[in-house]
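This is what each chain is made of:
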Amino acid sequence: MSATVPVLEVRGVTKSYGDRAVLRGIDLEVGEHCAVALIGASGSGKSTLLRCIDLLEEIDDGDVFLDGEVITDPSCPAVGVRRRLGLVFQAFNLFPHLTVLQNVVLAPMRSHGVPRAEAEASARELLGRFGLEGREGDYPDRLSGGQQQRVAIVRALATRPRALLLDEVTSALDPELVGEVLSLVRGLKEQGMTMVIATHEMAFAREVADEVCFLHEGRVLERGDPARIFSAPEQPETRQFLRRVVETGRL
Amino acid sequence: MSATVPVLEVRGVTKSYGDRAVLRGIDLEVGEHCAVALIGASGSGKSTLLRCIDLLEEIDDGDVFLDGEVITDPSCPAVGVRRRLGLVFQAFNLFPHLTVLQNVVLAPMRSHGVPRAEAEASARELLGRFGLEGREGDYPDRLSGGQQQRVAIVRALATRPRALLLDEVTSALDPELVGEVLSLVRGLKEQGMTMVIATHEMAFAREVADEVCFLHEGRVLERGDPARIFSAPEQPETRQFLRRVVETGRL
Amino acid sequence: GDDDETASPTTETTALACEKADLALVTPGTLTVATDSPAFPPYVIDDDPTSGKGFESAVAYAIAEELGFTAEEVTWIRVPFNSTFAPGPKKFDFDLNQVSIKAERQKGADFSSPYYTTPQGVLVAGDSEFAGATTLTDLKDAQIGVQVGTTSLDAVNEVIAPGKQVRVFNDSNDVVRALKNGQVDAIVTDLPTTLYLRDAVVEGSTLVGQFEAPGGDDWGAVLEKDSELTPCVTAAVDSLRDSGELASITEQWIGAEAPVLALE
Amino acid sequence: MDIAPDRRAAREAARRRHARRGSVVAAVSSVVVLGGLAMLIVSSPGWEDVQRTFFSWEVFRDSFPDVLAGFWLDVKLFLVVEAVVLVLALGVALVRSTRAPALFPVRLMATVFTDVMRGVPVILVVYLIGFGVPALGIAPDWLVQDPIYLGGIALALCYTAYVAEVYRAGLDSVHPSQRAAALAVGLSETQAMRHVIVPQAVRRVVPPLLNDFISLQKDVALVAILGPQEAFRVAQISAASDFNFTPFLAAAMLYLMVTVPLARIVDRQQAKARRRQGHVVAT
Amino acid sequence: MDIAPDRRAAREAARRRHARRGSVVAAVSSVVVLGGLAMLIVSSPGWEDVQRTFFSWEVFRDSFPDVLAGFWLDVKLFLVVEAVVLVLALGVALVRSTRAPALFPVRLMATVFTDVMRGVPVILVVYLIGFGVPALGIAPDWLVQDPIYLGGIALALCYTAYVAEVYRAGLDSVHPSQRAAALAVGLSETQAMRHVIVPQAVRRVVPPLLNDFISLQKDVALVAILGPQEAFRVAQISAASDFNFTPFLAAAMLYLMVTVPLARIVDRQQAKARRRQGHVVAT
Ligand SMILES: Nc1ncnc2c1ncn2[C@@H]1O[C@H](COP(=O)(O)OP(=O)(O)OP(=O)(O)O)[C@@H](O)[C@H]1O
Ligand SMILES: Nc1ncnc2c1ncn2[C@@H]1O[C@H](COP(=O)(O)OP(=O)(O)OP(=O)(O)O)[C@@H](O)[C@H]1O
Ligand SMILES: [Mg+2]
Ligand SMILES: [Mg+2]
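Residue numbers (the working numbering), protein chains in the order written: chain F, 1 to 251; chain C, 1 to 251; chain S, 1 to 264; chain Y, 1 to 283; chain P, 1 to 283.
Simulated from the structure, these hints should not be mistaken for lab results. Among these hints, one or two may not hold up.
[Claimed, not checked] Quick partial rundown of chain Y residues pointing at chain S, CB under 8 Å, derived from the structure:
no. : residue
1   : PHE131
2   : ALA135
3   : ILE225
4   : PRO228
5   : ILE237
6   : ALA239
7   : ALA240
8   : SER241
9   : PHE243
Even glycine gets a Cβ: it sits at the ideal position worked out from N, Cα and C.
My request is simple: use the sequences and hints to build the entire structure.
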């Protein structure tokens, strides 16, 4: 594939729930090996955008391209697309009837045809990296919030996706683990993973992202180099958002 | 009540799930108008401790006192105790069959006997303060993560509890809202609310708490003035934890 | 109606306790007679027992007359077959419903002396391989169907002892349908029913013959257990039999003959 | 930033086309299968006979008024029994859902009750109550005289057991964190049940409840054992006297006239509740 | 930091004492109520009569072997029909749960099927299939000759409709976010159903499924309409010839011997599944 084609491209995507317009024409490009951070207020549409990219919501208009292919076309097989993408949900959405290990190996075994032994070995290895060794046999309801979130990340990574969509993957983590996950994500990025990261953790945006997009009421109000955005935001809304962020000490 | 009796006192509380000892003898005192922050790694037992204080889990041993009264005694009526405490769950636990407004007014109306009109008026006022005006009629599943979390906070506040137990109340919030909630909690504190705050947000610990407790594997390893803890931690575990926190830029 | 105006007076045979005025009736002054709903020909014609048309309807009026009641003083009620022998008080004075007298049954209810002793009739489809059966042994391999709650089942099991388990159906409608469908080869019912089914229901069927149920299949009127009325009804039936009136009623409603099937 | 309307229209059209093609395939294949089956039946040698004995218009017309008259009895009895059952069953289910050790004996009784009442055929309970209770000689006259009361009691006992189990499944399916949240805001156990657990449980069990509803409606016919001529018994009588099964069809038609609209209403309502909650996930 | 063992012991003791007192109160009151009822019945004037006709040991003993012989037929038929129903019903439920517009005709058929089959009395379906199909004259002999096949088909049709609705309720009760998560990891719709939705749904509907299981076990007796002498029919024959209802009790006993252990096993398993998931919230 030509290097000029972005891995993910979102063009003029709109989405409403009933009367409420949640996305009002989003444009976004994510090049190979790039990480784009979505920041913005609660309710600005970050999660919705990620769900739309993963074809979990039908969009009203616009297009999403994956490796140059229009995936939002009704004739495009959604399963194939989703196999190439990994999504970590904000609310984790672990499978409560499966143990931690089963949660992780389900997709590799069923949709990628990895043999059980192999799938389990690599799942254990990944779980270990996230400090979850010894919890493989537990059911999700028995885990603490942070443990559940890590399982959700491992589950998405286990399918070795072409691009990762991360929705607030550090919200339930303690600062120590945030650091851990941050460096894991940085590692993924160095290995060339393409990522879209919806986050309230500005460290993510600053340290991992190649580009930061500021979402405001369903529109991309401003985008650019993290250093530039954080130091010299152009839009008044961005400025105000960042001012508050600084006040909370999250930058 | 004498000023020397702490509002909440936890003495030697232990709790295991099967073979896994989660709390191994916790001691804690929260004086009137004080806020105590619980910090510690994921899985260190913060949420479990809060659930035990609210009598949602039966403890194995030890005692919890509320205003000098042993509330963990089997003969003590749990409902009365829970009415005096407010708990915000890490996973929100909103009632999915009720609208936002109904979620908030349920307890004031049913267990505190507040007339509907009054309960709704003060609920609307509180929701407004948390930026949720116009969402009163929505069902929780339609809200973004941050919106759900704010509803959970409002629901706990609506019963005007004697003491508040907050479990990661900012995990799903954007930095702007974190600042907002931070100042709301600070406001509560200034109005004299007694609070226990389990958090990964060090700003909370630093700016609101009178005392910080560092939990490590079910024990309170270190406690003290936030300024002291953050600047000169005594225990090696605390030092390591804080070092990582600093690295992530959360302090 | 076939009410015989000249029936012989039976006051002598009826004990003093059976004076009409002394009878312990469900409804004083009227004789309450029960039958099933619906009641079928030839026992009751057109499901109207008050007409006196049909074998059991006629017998009931004859008994009533023996006991000193006019036709107007007879009330009919409908009682499902099962609840005729439910324990406890009864809503009727007596019940005529082709109930076979059996020792077991006498523990739960009283019976009058028999007003009819029926043979069993065997009905097959006209084109059946069993249409030419002349002995009971010929029927050994047949799939036989009967109605539930009748003595036919015992009769078939004891006398024919067929090789295939007898099929038991809810009512004559079902048993007839099974015969028409070829789900059973032959059906066995009491002879009056057989005759009726052959003549009016199953076109082209053949009545291959009749046989006696072991120990006879006697039908009696059912009364409440230890009823004071039992001896009176028995006396009335006996007197009807002695006078030959019972025979003529029987002749009128269940007339025809059928070849007797013998055991080989 | 807005997209040209023809883009949107094109996408809509493509979607519709796609759906329509599938629709046509599905419709054609269903018609072929069903039509073939119908053809096979109608052209069979016995069809006339079957039509005459099972689907005779004359018999239907003649028996319908009587069957309808009997049906009112069913409807009345059904409504009363159902109302009683819905309340009693919730009680039994709540008792079975308690965890307090003190309530063990009551819980045991409730368990034995549901086990026995579900396990025993309804007809046997109707026999026992309907014939047994009057035979005891201690029941008041009004009770003994009217088979409707005794039959109704028997049905209510059996169906309380069934419905209680359905409720219980619903109560158990509500995540324990919901109970925790209700207690945490200061509701009592009872209030938590009433305002949080039960409403969520009831919504989930509506379809299986409807199953038991419909079963009950049909089992109401069992009171015919005790004598009253309700619809099914009337149909049976009429069928037996005419040697024709069509009257049963008349009864069935009446049942359907109640249950089908009921099922539709429930479906519509469930769909509404579902739409109101949760994201609609596209396919 | 450890607490003296006598503190812990005292707390345990208090808890036990508390529980025991409640237990005693509950036990005593249940015994009083049940005992009173039993006394009332046994001392009633009609008790002997009732005992003779409903609870006669001799009749029970005499009729039991025949009833038992008939019961095997029920058990066999029940097992086969149940297995078929569990599979077919899942299919119907899945069809009804699809949302794709293309599948509308199939969905419509499934809806009509469940509505009609639930609404129509089982007995009528048994009549129609059991007597109607042979009457058509096109069915093979082995089918016509053995009422078990036709009866089994009729039962399977009816119960598929019931069970499908139960499944559907279960499928609907799984939160849509679970489906979204399954799709997101790359499972197909079918795989999401099979590995994520169905397992969670089935667990939730086990108790109502058991209801329909038990109903089916009893409705198996309806094939008696077609002639075979299964347990209930045998009991009926024996009851009619003896003017005694006790044989029905023998049949009921056999049913209970199957359903009660089944209910216990299901309960135990449900409790285990529940304990495994979710926090246990203290009272
Ligand atoms: N199913 C739905 N029905 C109606 N409104 C919805 C639905 N899902 C989301 N919304 C609304 O869409 C808006 C955007 O939601 P989204 O979850 O994308 O926000 P977000 O940017 O991820 O916020 P947060 O930072 O709080 O997670 C919110 O106002 C939300 O209430
Ligand atoms: N019901 C349960 N059964 C078994 N183990 C449990 C259960 N609930 C919690 N645990 C375990 O108890 C430990 C403490 O959990 P807790 O939720 O209190 O942690 P936490 O400090 O709140 O962590 P986090 O910061 O991730 O929310 C964890 O290891 C968790 O797996
Ligand atoms: Mg979000
Ligand atoms: Mg926690």
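These are the hints, each one checked on the structure:
The interface hint given for PHE131 of chain Y is met, as the beta carbon of that residue sits about 4 Å from the closest beta carbon of chain S, less than 8 Å. Interface restraint check: ALA135 of chain Y against chain S, minimum CB-CB distance 4 Å, threshold 8 Å, status holds. For the restraint placing ILE225 of chain Y at the interface with chain S, the shortest Cβ-Cβ distance is roughly 7 Å, inside the 8 Å limit, so the hint holds. Using the Cβ-Cβ criterion of 8 Å, the hint placing PRO228 of chain Y at the interface with chain S is not satisfied: the shortest such distance is roughly 10 Å.
A least Cβ separation of about 5 Å between ILE237 of chain Y and chain S falls short of the 8 Å threshold, and the interface hint therefore holds. Given hint, ALA239 of chain Y at the interface with chain S, holds; its Cβ is 6 Å from that chain's nearest Cβ, closer than 8 Å. Given hint, ALA240 of chain Y at the interface with chain S, holds; its Cβ is 4 Å from that chain's nearest Cβ, closer than 8 Å. The beta carbon of SER241 of chain Y is positioned within 8 Å of a beta carbon in chain S (closest approach about 5 Å), and the interface hint is therefore held.
Residue-level restraint check for PHE243 of chain Y holds (minimum Cβ-Cβ distance to chain S is 5 Å; threshold 8 Å).
In this structure, the one hint that does not hold is number 4.
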